[in-house]
Amino acid sequence: MTAQAEPLELVKLTKRYGDTVAVDAIDLRVPAGTYCCLLGPSGCGKSSTLRMIAGHETVSDGDLVLGAHNISDIPPAKRKTSMMFQNYALFPHLSSRDNVAFSLKMRGIDAPTRYERADAALALVQMEGFAKRRPNQLSGGQQQRIALARALVTEPSILLLDEPLSALDPFLRIRMRAELKRLQQDLGITFIHVTHSQEEAMALSDLVVVMNDGRIEQAGTAREVFSRPRTPFVARFIGGHNVVDGRVDRIENGLIHFAVPTGRAAARAPDAALSTGDPVSIAVRADQITLAQGNQAANDNANSLSGKISSIQYQGSFVEVRVDAGQAEPILVTVPDSRFDAAPVAEGEDATLTWPIEDGHLLASASA
Amino acid sequence: MATVRKTPANVIAYLQAFPMAAIFFIFFILPICMVVVVSFFDYQTYDILIPDFVFFNYVDVFSSETTYRTYWATVRFCVITWAITLVLGFTIAHFLAFYLKTVPTQLVCFLICTIPFWTSNVIRMISWIPFLGRNGLINQALMSLGIVDAPQEWLLYSEFAVMLGYVHLYTLFMIVPIFNSMARIDKSLIEAAKDQGASSLQILTNVVIPLTKPGIAIGSIFVLAIVMGDFVTVSVLGGGQIPSIGKSIQTELSYLQFPPAAANAVVLLGITILMIVALIRIVDIRKEL
Chain A
0 MTAQAEPLEL VKLTKRYGDT VAVDAIDLRV PAGTYCCLLG PSGCGKSSTL RMIAGHETVS
60 DGDLVLGAHN ISDIPPAKRK TSMMFQNYAL FPHLSSRDNV AFSLKMRGID APTRYERADA
120 ALALVQMEGF AKRRPNQLSG GQQQRIALAR ALVTEPSILL LDEPLSALDP FLRIRMRAEL
180 KRLQQDLGIT FIHVTHSQEE AMALSDLVVV MNDGRIEQAG TAREVFSRPR TPFVARFIGG
240 HNVVDGRVDR IENGLIHFAV PTGRAAARAP DAALSTGDPV SIAVRADQIT LAQGNQAAND
300 NANSLSGKIS SIQYQGSFVE VRVDAGQAEP ILVTVPDSRF DAAPVAEGED ATLTWPIEDG
360 HLLASASA
Chain B
0 MATVRKTPAN VIAYLQAFPM AAIFFIFFIL PICMVVVVSF FDYQTYDILI PDFVFFNYVD
60 VFSSETTYRT YWATVRFCVI TWAITLVLGF TIAHFLAFYL KTVPTQLVCF LICTIPFWTS
120 NVIRMISWIP FLGRNGLINQ ALMSLGIVDA PQEWLLYSEF AVMLGYVHLY TLFMIVPIFN
180 SMARIDKSLI EAAKDQGASS LQILTNVVIP LTKPGIAIGS IFVLAIVMGD FVTVSVLGGG
240 QIPSIGKSIQ TELSYLQFPP AAANAVVLLG ITILMIVALI RIVDIRKEL
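Chains A and B, in that order, are what the protein sequence lines are. Each residue of the first sequence is one higher than the one before, counting from 0 in numbering that gives the first Met the number 0. Each residue of the second sequence is one higher than the one before, counting from 0 in numbering that gives the first Met the number 0.
Do not take every clue at face value.
Unchecked claim - Once the Cα atoms are required to be at most 25 Å apart in a straight line, the calculated DSS-like pairs of lysine-lysine come out as:
1) B/Lys186 / B/Lys100
2) B/Lys212 / B/Lys100
3) A/Lys11 / A/Lys77
4) B/Lys186 / A/Lys77
5) B/Lys186 / B/Lys212
6) A/Lys77 / A/Lys104
7) A/Lys104 / B/Lys186
8) A/Lys104 / A/Lys131
9) B/Lys212 / A/Lys131
10) B/Lys212 / A/Lys104
As the list claims (entries may be wrong) - Per the computed footprint, the stretches of chain A lying under chain B, defined by three or more beta-carbons under 8 Å from a beta-carbon of chain B, are:
11) 78-88
12) 101-110
To be verified - Examples of chain B residues lying across from chain A (beta carbon under 7 Å, computed):
13) Ser187
14) Leu188
15) Glu190
16) Ala191
17) Gln195
18) Pro209
19) Leu210
Keep in mind the hints are simulated off the structure, nothing from the lab. Backbone N, C-alpha and C fix where the C-beta goes; we use that ideal spot for every residue, glycine too.
The following block holds chain B by itself, in its conformation from the complex (with noise of 0.2 Å):
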């Protein structure tokens, strides 16, 4: 007779666990590890992975200008860009959630905001060219107004261009999460901070912004991760002009140089890694998940 055994709770447990795990083992911690192992690695013009131990990939991270500058340019244009999304996406969220009476037009709004992510990321990219370019529309527009008389250079190739793009991809990053907080505010509890005496400005600060703490955590590290590892839109609207780590690596890259692109992307990772803690230190995401 067979006798029938039971399987223990944590064993169920683990296994439901199970596949979630190993795609994250297969597909992050994997590769994570192999990019460390090969940052180690040594390399020839013909050779291009030599396994090895060595530390001179970091010591050329380190010890050249160009990355310092490009590290540089790349949290600047991150914390720009974080800046100006956060305060577009807090406007927005605060509207959806607050001004917008009830639940439908909400979601209509919300599903407004959203269009521009039913194409593809390049592709919204690209269309800000013959809108910004040397003859494009804002330039003919701007002279056949008689506002300047030669087309104007800085609309497109430039920072402002990457930052428009940065704006334009990512403010939605901010909108979701700081909306899903705004959403969850009891609505009496804007009543009571009213009934208490305080202003539109006071209400804002002492009730709404607090209590959206963790959706603003949510959409930094979005829109920080994000811009710290992009190439692409650099490259599009940057026209080539523009330092970026994210582009850097590509050209290590395309060169087939694996190993230092490998050492620059551990930094990189480090360094966002290091963003996102300090984040999370001052902001307990907790609540929210």
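The following block holds chain A by itself, in its conformation from the complex (with noise of 0.2 Å):
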């Protein structure tokens, strides 16, 4: 039962409100057969974003474009997507197979056949064995499974999802997530999901879309994404990573040295128009950090800020220590344990973090 995979196009693609502009001209390509996601802060667009491509929302301005027909202006059920709502949207006085038949009785679909598709989308949800309940007599886990099979029956090339599992327990959360990912790849169509949760679009996605403020900070793989944030937005929002703001300080052999409040830092910068005194902020991984007690100005390194500890947190296999650097916030720094525990440290101590170079990505100013 899979469609013909399209790659969908937006361009400049606009959302008004009367005078607020919660989607501001974004250019995005999804190719066919991508798990996408799009990932933000509540209030930056991902929603309207995908109400927009599933037809619920009029465009303001700008394009969709699905394979070879501009569909921004056609109604959601011709659209080739569909959507599964964040509550799921089950209608309550139908049983889950008439639920799931409920586009296909809607075409005119007789009967039968529209009973046969309706039994094969619930048998790809495993959910053959609860065709004749209502919603009302399924748990959470087992509605989203029933709200899947019905936003698939219509045999889409693009399936929405709306915050999908985000009114799950987190132990179901992840098994569906895991199930969401085979039926995208045995499906092969593209899957747009829109998520709040970095760690749910880092596993998922092919394609990782971070908005902000109606605007798209970022698209790229997730590895991309995580290794490479393009803005400190993106550093902040995924976790994991350090936002580091000082001054240029020099620039030589492509190479930008700044000044930080309590140290020195430098990146590489090929083709960036820098002048001395320009503000920069570079993103560093907490986990390629190195910590080391008391206040020693490594000197042989370019990156090198102290500061004084100000919280430790045990977190199994690894150790966060948040360092006070006299940066925005305090620099995270993950130590695996075993290495904690050969060189332990206590809160209120003074230390020292240093990272090679090429750790330090330079990031994008925010309005950029």
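Can you join these two chains into the complex? Each is in its own frame, and there are hints to help.
So, in structure tokens, the structure goes:
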């Protein structure tokens, strides 16, 4: 029951509500058969974007192109998209089978055919045994499977999922996550999944789209986004990163050296147009920073920050150490527990933080 | 030393239920029982209640052709009123629930619907008279516009007037429960139906109406029960020309024929209950309550 997968393109897509711009002229290309996550905090425009793709929100400006067709102005059911709603939106007066068969009934397909197809869709989500149950007789996870079957029975080329896992308990969430991914791979269609959980986006996506304030901050594979966040927002939102702010001191051999309140840092910037005194930010992963006891100002390293340890949290296989180093937020360092035990530190002690130059990534300024 | 006695939980529950149960018993069960008892009494011109156990009050009710004609007229009124109030009430509730986007505008419009209820029933009915009468506003307007050259007689003291009165008085009883049911419909269900390719009409028949059934049933019970027992509207707007069970019971009462009136009332009660039972069999109202 797979439809032909087609690429989706968002061209200067804009959504305005009165004077407020919810989605600000975003461009995005989602190749056919991609698992794409729209990631961002609430109010960032990710849901509006999804609802425009679904056709439940009118497009204020710009275009939506699916395959060879501009779908901006056609009704939801004719778009070859199908949406799974956040609260599942199952019809409470219909059995699971009738819920799944609803779209087929609306198209005037006869009962035997539509029940046959509905049963096939139920089998796809392993809910064959629940065909006669009403939604209120099902658990949250089961309702979600029914909603998934209902969305898939129309054989869409894009499945839109609006925070599909947020209503589930953590254990079920991880199980459903794996199942969504398997389903997407089996069907070979595009899934566009809205979430505010970066962990979910990392685990699922072929393409992560980080949004903020109605704009796309970064779009790329999970690995790209995590290893090379483009803006301070992405670095902070994605987690596991530190943003180090400072001012340009000098530029030598494609290396920007800059002064930070409690030390110095450097980053490679082949084509950055920066001059002395400009503000710069770099992102450094928490697991790539080396923590050393004391205030030893390692002169041999281009990156060195000193500060006081403000908190230590044991997390099992690693220890989270936060160091106040004069930055907006304490610098987070994750230390493997064996390494921490070899040289334990305590709260309130002085510490020096160092990292290799190639692990610091120059960030575009927030407004760029 | 006094022992502290614990009152069992179920005793407390009964105590809490007692006031409502007592009111029900004294003002509802007891009077109905009395009506049933009186319906088997005998009566004479100067002795209006003779305790007895006779069936001729019922025999009179069922053997008189007038009864059947009156019941037919009342049921007919009832069904027509029900149909009109249902269509109107559903449409208005649908507008309030789905077309008004914000809760404040919904509330304001809802309050506007209740404005007629700020005055009494009788005043509202009587106010139709100068409007519909022989020399009333409508007739004057029609004549001065040259649409008709004689006053229209069917406007007042007619079936039309009674029907108008019923619709005017009881549409709100349909609007309120139907609106209540509709307001509970999750808006995402409508969106999901659209996503699944349902047209506006299909959304109405496949989603809105099934989910509004309990409200429709409750509104229907209100309208059916009220119209079945009505005698005021029929008297005021029907001008004594329109037969109705409520009115015939009232007439019997005014002649102090209590036992036949009681028998009539019991039959009316039975028929109304049958109608409501039939409705409840179609729609499960418990979900709503």
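Hints, one by one, checked against the model:
1. With a C-alpha separation of about 11 Å, the suggested pair lysine 186 of chain B and lysine 100 of chain B falls inside the 25 Å cut-off, and the hint holds.
2. Under the criterion of a C-alpha separation no larger than 25 Å, the hint pairing lysine 212 of chain B with lysine 100 of chain B is consistent with the structure, at around 23 Å.
3. For the proposed pair lysine 11 of chain A and lysine 77 of chain A, the alpha carbon gap of about 22 Å is at most 25 Å, so the pair holds.
4. A C-alpha spacing of about 21 Å is found between lysine 186 of chain B and lysine 77 of chain A, which places the hinted pair at or below 25 Å, so the restraint holds.
5. Taking the CA atoms of lysine 186 of chain B and lysine 212 of chain B, the gap is near 17 Å; set against the 25 Å cutoff, the hint holds.
6. As the CA atoms of lysine 77 of chain A and lysine 104 of chain A are separated by approximately 15 Å, the hinted pair is consistent with the 25 Å bound.
7. Taking the CA atoms of lysine 104 of chain A and lysine 186 of chain B, the gap is near 21 Å; set against the 25 Å cutoff, the hint holds.
8. Note on lysine 104 of chain A and lysine 131 of chain A: the hinted pairing holds, with a Cα-Cα distance of about 17 Å set against a maximum of 25 Å.
9. With a C-alpha separation of about 21 Å, the suggested pairing of lysine 212 of chain B with lysine 131 of chain A holds against the 25 Å cut-off.
10. Among the hinted pairs, lysine 212 of chain B with lysine 104 of chain A is consistent with the structure: their alpha-carbon atoms are about 21 Å apart, no more than 25 Å.
11. Interface restraint, the segment 78-88 of chain A with chain B: holds (6 residues with C-beta to C-beta distance below 8 Å; minimum three).
12. Three residues within the 8 Å Cβ limit are the bar, and the segment 101-110 of chain A against chain B gives 5, so the coverage statement holds.
13. Given the 7 Å rule on beta carbons, the hint for serine 187 of chain B holds: about 4 Å separates it from the nearest Cβ of chain A.
14. Given the 7 Å rule on beta carbons, the hint for leucine 188 of chain B holds: about 5 Å separates it from the nearest Cβ of chain A.
15. Because the smallest distance between the Cβ of glutamate 190 of chain B and any Cβ of chain A comes to about 5 Å, under 7 Å, the interface hint for this residue holds.
16. Here the hint on alanine 191 of chain B is kept, as its CB sits about 4 Å from the closest CB of chain A, short of 7 Å.
17. With a cut of 7 Å, the hint placing glutamine 195 of chain B at the interface with chain A holds, because the nearest CB-to-CB distance is about 4 Å.
18. For proline 209 of chain B, the shortest C-beta to C-beta distance to chain A is roughly 5 Å, which falls under 7 Å, so the interface hint holds.
19. Below 7 Å, beta-carbon pairs count as interface contacts, and leucine 210 of chain B has one with chain A at about 6 Å; its hint therefore holds.
Every hint, counting from the list given before, is met by this structure.
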